[in-house]
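Model the placement of chain B with the ligand on the given structure of chain A, informed by the hints.
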Amino acid sequence: MSRPRSDVSASGPGSASEPTPSASEPTPSVPDPVEGTLRPSDHADADSSAEVNQPALGVVGWLRWGWRQLTSMRTALVLLLLLAIAAVPGSLVPQRSADPNGVTQYFNDNPDLAPILDNLSLFDVYTSPWFSAIYILLFISLVGCVIPRTKHHWKALRAKPPRTPARLSRLDVSRTETIRPRPGAGERPEDAASAAIDLAQQQLKRTGYRVERYDSRGATSVSAERGYLRETGNLVFHASLVGVLLAVGIGGGFTYTGQTVIIEGRTWVNTLLDYNSFNPGRFVDEASLTPYALTLDRFDVTYQPFGTQGAGQAGDFVANLTTQMAGEETGTGDVRVNHPLEMAGDRVYLMGNGYAPTLTIRDGDGDVVFSESVPFLPQDTNMTSLGVVKVPDGLEEQMGLVGFFYPTQLQREDGAFTSYFPALTNPVVTLDVYTGDLGIDGGVPRSVYTLDTSEMDKLTGRGTDVESLELAPGDSAELPDGLGSITFENEAPEGATGYEDSVKRYVSLSIHRDAAATWVLIFAVLATAGLLAALFVPRRRMWVKATPSGEGVELEYAGLARGEDPTLHGAVEQFAQRHVIAFERDRAESPSTQPLSREPSSTEPGSTPRVD
Amino acid sequence: MPETATFTLESVSVLLVWTAIAVYALAFVAYAVDLARRGAVAVDAKTEGARERELVAAGYAGAPARSGAVAEMHEQERASEAALNAPIGRRTRLVWARIGTSLTVLGFLFHLGGDVTRGIAAGRVPWSNMYEFALTGTLLVVAVYLGVLLRYDLRFLGSFITGLTVVLLGASALSFYVEITPLMDPLKSVWLVIHVFVASLATALFALAFGLSVLQLMQARRERRTAAASESSAVALKGGPGFLRTLPGADALESLAYRFAILGFIFWTFTLIAGSIWANDAWGRYWGFDTKEVWTFVIWVLYAGYIHARATRGWRGSRSAWLSIIGFTAVIFNFTIVNMFFKGLHAYSGLS
Ligand code: HEM
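Chains as they are written, first to last, in our numbering: chain A, 1 to 612; chain B, 1001 to 1352.
This is chain B alone, in the form it adopts within the complex:
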């Protein structure tokens, strides 16, 4: 911020953004505490259950009921699945998650304020350079997350979403911040409004799919270990963090991840087409394998691969989840590394 800009709309925007970052950081902490407590609660419930079973089984020589572990896991996963779909009024009471969500909503309001004031100050849509892409992109990530919460109880993704937002938004505010300058001619197009907005929306959906795919892999590992331990009647290896015991099964996580990914894929397809139309107006060709075009294409093909993998025998499950993870990694790579270091026509980062 320049010294002279004491109380301009632009500086108000910056203030709001930093407030949002701070509130999101608190939300992250609350969500993290929630995950930790979920683990503890799950253990309590389990030991209680085990004690009851021991009492019942006291008459039967006290052999550890191994196969019971698998059944118990399935039981828990079914319950978690029902909880995932529970309507808002009937959701599991999780105090810390509730605090996390409230803080996220608060942070979102500040964030929205920061984004809108930036747009008003600039007199145009607030997504025309890297700082603004990050500002609006993360806003949409949080908006989509909060929107999805109305339908699914995905609060277990809260720490991932708020964490991602704090990192991206914080890093952008620190190192990509540029003062408002008038738009360069090539950016004066309705396609800027559409293309970039839809791309950000797709990114938000891919982010949710990514988070779910990661959990799916962790859950699948826990399921494998539990099953293996029950077969060999050996001591179960630790299947991962305790909160996994409060989440739906890998299958349910997978099909939810898939649903977000296909929505994201549609938006990404649209991004690709809108970008081509714009390129045809601005540069005289709809496709030229410019670096940014290459990466948009690579991401599209990766997610097409993910969708295919889900329909290919031997690839459904963990293998396809890796493709979702690689796809989102490419999205982030495209936004950060490609924008900053790769040479090309999309030189609108506003950085020099």
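Pulled out of the complex, with its shape left as it was, chain A reads as follows:
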């Protein structure tokens, strides 16, 4: 396997003069009006003389020098490695973007260390100044590198293949053949030479080479080059990376994500008001969201039954929705894991689900002061769920209830309740009652899922002498201190047996508009296509020269790799064989001339000895 590296120096745009080969020259120079690829000066294949540093020439000189450093291969490499290293800490320390609860936890667990890390942006690595600096520099370098190469490549695409070097035997791969006229054949070697090169030219052209004839000093030759696609691919690849970055950066501004919860039977409308949380990009107009409505008809889930592997594991989640666009007929749609629902350019994702027990609270006179399905947050895989009820109005004092819902309640040995299975086999809600100030009137935002009891009195449960409330669907209980009563409504249809459907379910949905994703995908696919071309299309030059000599015609074949090209050797060998065979066949078929006999004269060290 010969090393597919070119030994021929690339000459810069300024050194296009015809070289005069001399015996002392270590390698032949290829005359090259427009060198095929322009590479950073420290590219392994670039002309080393380009690296001779000029003395600093004042400010402009320094700037030019600095720019050359920034756009050098070495800088690109160092920045790439820095990027890899800089990305690692974000996987060691929780990130605000991906895992905000983890960050809070980290602050609690490491109160001394966390603020220090925070100052170093270690909880926001990927938006940190140092991470940004690295990738921005990398992309400046990338653009600075790609633009001149694109210009250069544009010219190269329209240039002729370079002049045939004087001595082909010095190239990466070469091989010679001699064809001799048969005794008595009346053909001049010059004509045979010219015919052979005509044929080579045709053959090369057919196999995708760009060809040019160079006839001089009694020798006829064709110069051919192929694989411009390699450089095109490289440029497309690098440019597409810029495309990905721009799509992410600009598209992010038009992107929004929002979260909401819908209980079975309820309708949600796509307006800012109806979102539990909403994160818009910089250019999103929050007032002009497309108005559409989603109604949760039913949420389905299956659980692995008892006694099987993975019992209780949930799957096949489906939120069955009725959808409605403004002014249109209603439709239906469903949201599953891995299968978001498309709504007016938004994508609706299923993020979670849970139970929402319907609770009715009446005051001492029997008047309803609260009646709602309250979403309880699942705490474990068996759906033990935590919920909070707030009754701000209608009673003398504000009231809050906090407690658990167990779809399949079981008492543990220590007396505590737990849920044993996630489906509704033995649903129970337990609640503790607080009265006092809910703390929601001061304008301080409070989560609906937490109860601030600092200004409240506990009336039931541990620490009081009243037992916690414990209700199954359909049950009612008196509230302590004659406050009234509470009912856990059974939502099952009339006549149902068992507890199936006795408690409503809810889904939490995430609604996304991602203006960038499509563009990112397009550029990523372009980048991959470019990469394939850049890595696997061989770029090479091939020459065939025919020199008429006393006894016959000497044919020289030579190839030169432009970049990694492990198959060059085989390609030259194969071409030479095909050419000679086709040439002889043509002669044999042509009635006007006699076939020439051929005999291989020599092979170069790089090639395998021919077995003839």
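In short, the hints are calculated from the structure, not lab data. This one's a predicted model, so the numbers in the text were calculated from it and none came from an experiment. Errors might be hidden in some of the hints.
[Stated by the list, open to error] Lysine to aspartate or glutamate pairs mimicking EDC-like chemistry, simulated, CA-CA at most 20 Å apart:
{"hint": "1", "chain 1": "B", "residue 1": "Lys1292", "chain 2": "A", "residue 2": "Asp316"}
{"hint": "2", "chain 1": "A", "residue 1": "Lys390", "chain 2": "A", "residue 2": "Asp452"}
{"hint": "3", "chain 1": "A", "residue 1": "Lys205", "chain 2": "A", "residue 2": "Glu573"}
{"hint": "4", "chain 1": "B", "residue 1": "Lys1188", "chain 2": "A", "residue 2": "Asp300"}
{"hint": "5", "chain 1": "A", "residue 1": "Lys458", "chain 2": "A", "residue 2": "Glu396"}
{"hint": "6", "chain 1": "B", "residue 1": "Lys1188", "chain 2": "A", "residue 2": "Asp334"}
{"hint": "7", "chain 1": "B", "residue 1": "Lys1292", "chain 2": "B", "residue 2": "Asp1281"}
{"hint": "8", "chain 1": "A", "residue 1": "Lys390", "chain 2": "A", "residue 2": "Asp437"}
{"hint": "9", "chain 1": "B", "residue 1": "Lys1188", "chain 2": "A", "residue 2": "Asp316"}
{"hint": "10", "chain 1": "A", "residue 1": "Lys458", "chain 2": "A", "residue 2": "Asp437"}
{"hint": "11", "chain 1": "A", "residue 1": "Lys390", "chain 2": "A", "residue 2": "Glu413"}
{"hint": "12", "chain 1": "A", "residue 1": "Lys390", "chain 2": "A", "residue 2": "Glu478"}
Coordinates of chain B with the ligand only, in the frame set by chain A:
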């Protein structure tokens, strides 16, 4: 294995896997013997050559022909290069390597059987938790190695490949084994089939590149020492294990390593894109710097760095080889440590 599962498909799979591990271990031994014998053979050939040369040089004052050592090394490396590319029928006769390869093929068949029965028993692709990733991933490593053997005589990597497989597969069977459970919803996606499979394929190619890069470094050191010794006409330092004398030169090893690495890089790029598409369907965003995403990205950038290094003056050769080695280390780290200990959304190891 639970006591009750006497002869289920699942238990057959486990049996096949352990048989495969045992056969691979034997293949490893055979390949190791081959490497040891290569060293010995190389020494024999050398002393024989040296004796001949001494006889020839007897007339010339018996000065040690130092620069001859370098020429001799190049000669040997060229021959080894030709041997590397030799078609199957015309390969060097290496009895122990042949035994190693036969055992590897046998082990592969058991391994394939274990993988397929696991898949049938589960009713889905057998790569949905850590144990299964390891099972299929190592299967692909061996498959790619055996496939490449058809084109290149890379049997000198046999002990590395079988050793790696025994360690990864054995450790997984011991400590990651989980019984078949139904898939979790997020895993029910064609992208599971594509993304994970392609990632395993990339890993297999990176593994070959890694092995070659390590040999490249060892060979480069031997070449340096031989050259230095011939210049200073001092006694040559030992250039490393003897089998190096039967391997191609560092340059040839490097360009072969590069070829596997760029193939792996393409597959890895594809892994990254397929993963993003899947993430966009499952989690509502195509990229979120989740731990596993971070590591996939880091590995991609490391190999981009390796490819760049090969094109950067002063980095081609040993320096770039280090990047290939670091890249594969990151791949293994990503599969083991990141899966087991790092918190993130990719919580599908099946371990608790
Ligand atoms: C985001 C950062 C970059 C990445 C991920 C990247 C990646 C790659 C990859 C994968 C290749 C191999 C494919 C090919 O040969 O065409 C490559 C090649 C190349 N890159 Fe980059 N690159 C980056 C930035 C740069 C920069 C800043 C420069 C300019 C100094 C540069 C110059 C080159 C050149 C000249 C090649 C061709 C190498 C050869 O001749 O084999 N790249 N790059």
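Cross-check of the supplied hints:
1. B:Lys1292 with A:Asp316: Violated - the C-alpha atoms of aspartate 316 of chain A and lysine 1292 of chain B are around 25 Å apart, more than 20 Å.
2. A:Lys390 with A:Asp452: holds (10 Å)
3. A:Lys205 with A:Glu573: holds (17 Å)
4. B:Lys1188 with A:Asp300: holds (17 Å)
5. A:Lys458 with A:Glu396: holds (16 Å)
6. B:Lys1188 with A:Asp334: Holds, at roughly 16 Å.
7. B:Lys1292 with B:Asp1281: holds (17 Å)
8. A:Lys390 with A:Asp437: Holds. Lysine 390 of chain A to aspartate 437 of chain A sits at ~10 Å (cutoff 20 Å).
9. B:Lys1188 with A:Asp316: OK: lysine 1188 of chain B and aspartate 316 of chain A at ~9 Å, within 20 Å.
10. A:Lys458 with A:Asp437: holds (12 Å)
11. A:Lys390 with A:Glu413: violated (32 Å)
12. A:Lys390 with A:Glu478: holds (17 Å)
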